[in-house]
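Enquirer: Listed below, chain by chain, are the residues.
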Amino acid sequence: MAAELGHLSLWVALAAALVLAIFPLIGVYRRVEPWQRYARPLAWLQWLALTVAMVCLGYSFYINDFSVTYVANHSNSNLPLGYRLSAIWGGHEGSLLLWGWMLGGWTALVGLFSRKVPLPMVVRVLSVMGMIAVGFLAFMLFTSNPFDRSLPWFPIDGADLNPLLQDPGLIIHPPMLYMGYVGFSVAFAFAVAGLLAGNLDPAWARWARPWTTVAWSFLTVGIALGSWWAYYELGWGGWWFWDPVENASLLPWLAGTALIHSLAVSEKRNLFRAWTVLLAIVTFSMSLLGTFLVRSGVLTSVHAFANDPSRGAFILGFLVVVAGGALTLFALRAGRLKGQGGFKPVSREAFLLGNNLMLLTATFAVLMGTLYPLLGEVLDVKVSIRADYFNGFFVPLTLVLMAILVPGMISNWKRQDGRPLLRRMLMLAPAALIAGFFGARLPGDTPWVGTLAIMLALFLVFAHLDDTVRRSLAYNRGFWSGLGKLGRGYYGMVLAHCGVAVLVAGVTVVSFHEVERDVRMAPGDVAEVGGYRFEFDTLSEYAGPNFDSRKGHFLVSRDGRPVTEMNPEKRTFRASGQVMTEAAIDPGLMRDLYVALGEPLDGNAWAVRIYHKPMIRWIWLGALIMALGGALALTDARYRKKLGRGKADADGEVVYE
Amino acid sequence: MSKASPWVFLPLVAFVALAVLLASGLGRNPEELPSALAGKPVPEFSRPSLLNDRTLTEELLTGRWQLLNVWGTWCPTCYIEHPYLLELARAGIPIIGLDYKDEDAKARDYLAEYGNPFREVIVDADGQLGLDLGVYGAPETFLISPRGEIVLRHVGELNQRVWDEKFAPVLQQAGENPGVAP
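Here the protein sequences line up with chains A and B, keeping their order. Counting in my numbering, the first sequence runs from 1 upward without gaps. Counting in my numbering, the second sequence runs from 1001 upward without gaps.
Be aware that a few hints might be false.
Computed from the model, here is a short list of chain A residues facing chain B with C-beta under 7 Å [stated by the list, open to error]:
1. Phe241
2. Leu327
3. Ala331
4. Ala334
5. Asp518
6. Thr581
These aren't lab readings, by the way, just hints derived from the structure by calculation. Each residue gets a CB set at the ideal place from its N, CA and C atoms; glycine is no exception.
Given these sequences and hints, build the entire structure.
Expert: Rendered as structure tokens:
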């Protein structure tokens, strides 16, 4: 019965979303307040119904109800409970349900935490989110219902889940991504609500900003998790492949990063108004595009989402209604969104505009690279796009972005005197020199791009430390007391920017100094990789519960001192005959060592894969620090009631509300 | 209300262009071959083999019904598809691999690790042959007739359902062993 209850709940949620999308909005236009007051309860009802649906699907997995097609296709009775439950989002239909449930959750939360926002605005926002939910729920119910049963003949047991996909990293990866994707719908709803209202309240940026920051933080963690999974599970030592699926998550991230910076300008200076609205629309549209590029069966092809023509058509139609509708509204109303006041070419606004342009250029280039097969076919041009294409623009854009970050952060709003800015930049020059020294000491030949990237990363960190000290001293109440006066929004920004530095340092070092070697080794042989000495000590065999294994024992030493012992395995599963390589990874903050047994060669020898990956962990660490910065900024006093008096915010400005 | 400048329509125009592009991909069933290659012979090529020292040419794809599977170690879906390819190979379906935009060492390790369903693997490191075949991405599977002509094409994961619906009927019609029983 659980499946039927879940199915029913979806219809209830659709009904609630439909009413939410229409009825309270009419109340706004007719100025009937009691109608408007229905918006919040409807949002809660919608979320409640979706929660019931989630629980029902989870229960169907829990009791192994294989008469439900979706359960039969994504689970089997031997699967551990944890994987059975996470199989809820293991396929297309369930992912949509998770998406819808999160959207419902965000809608309910917006209803809950918007007491300070005028009611008509809240109603418009909730209604817009209701419209999005209508599209999603209709899509689910009409083309991708997770509760469909295959009666009367249903399988005794479910399909086997690929072992590669049974992994903790992969379990929390999609929910994190979706939290990000869906979270951007709040900023989108605020933007569209503002356009609907005709006059955008200057406060809209302050309302929309924390939601956008949370969404961005989740998405950052989600992308990092995906990269980490690809590294240790798909292995082969890579951490980013410019795969369409990865690009699909990067697109909303890039646009969203531009958005959170543009929102800062809109909040502080009431400028870039039309621009910020446009970015909010673009960011969420990218999220939709990303979701569908990924969630459509075939992972690697853009044609993915046409896998099932009716689904593809629905998706495209939905995208056209949401993005096309919002952009039409934008075109009609943007003229009213002129900002007040201006800014000089040297000012924080100008640098943030530069930031936005860089990020949007990157978004556009990634989009083009991802859609190239389609584009090439329509234009009848055959183009082959490889990682070189993406790296070719991404590296310079990142460097320019980092170069304008520091002057942007230390500049004043509106107008910045060039001289003091230049003086402060030059005072940081010794730091840059140290950076240069550090860069020069990197092992091997680092190309100038690498040295430059390391210098910029260190420059970034020094500049933020310097800025923190200056700002806290500026209160004239002593250093420590000043430190306490700086708001969490400011510290969040510092942290996030330092995260960028950590990530860039990691990417640079691992890109230029990693060593990947494939060597022929027999027990007793020694290989030198990345300054480490790998001795193939012994090869042993043992029997596992359902596999036989051949295990290599490697002694790793450096400069004569033992570092670690590594035991890569080759397992043959008795039932299927499938062979799995268990690589040995010795992780470390400064380097990862990786040893894997390739194929057996003649005699006792093996093709052995040995990697030395310096600082690869910094990539994910940097992303985590960025997300942490976002989370910290969220706890800023000005988002909490009653406390937001006279604290410096994310931009170091003291605001009095 | 101030006068709107024409640039505000730019995002809408750009989006419409994107939507048309996506719709053009939608209108054509992607699992079917672009008409340009249907019934045409496989383009000429001369590529090294991943498995031995031979140089492979289009000759390899003639003489019998065969599958040409485009894969790469960088392609997540290929990992998912792989067990099914092994099953097909065990059922006696000859499969030729096309290692697309990949590194040889990694590809060899991949086959050693997960098993090799391929009779022969064509190395296409720069992706040129894939480009000539009109490949969008991995995995893709082509059904090649004994005369070396492309009969069928499937974009994305090859599994039992796809096999039963698309490949098996064609092979049966040709009087061939359709492999894995439905």
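Enquirer: Which numbered hints are broken by the structure, listed smallest first?
Expert: Violated hints: none at all, because every hint is consistent with the structure.
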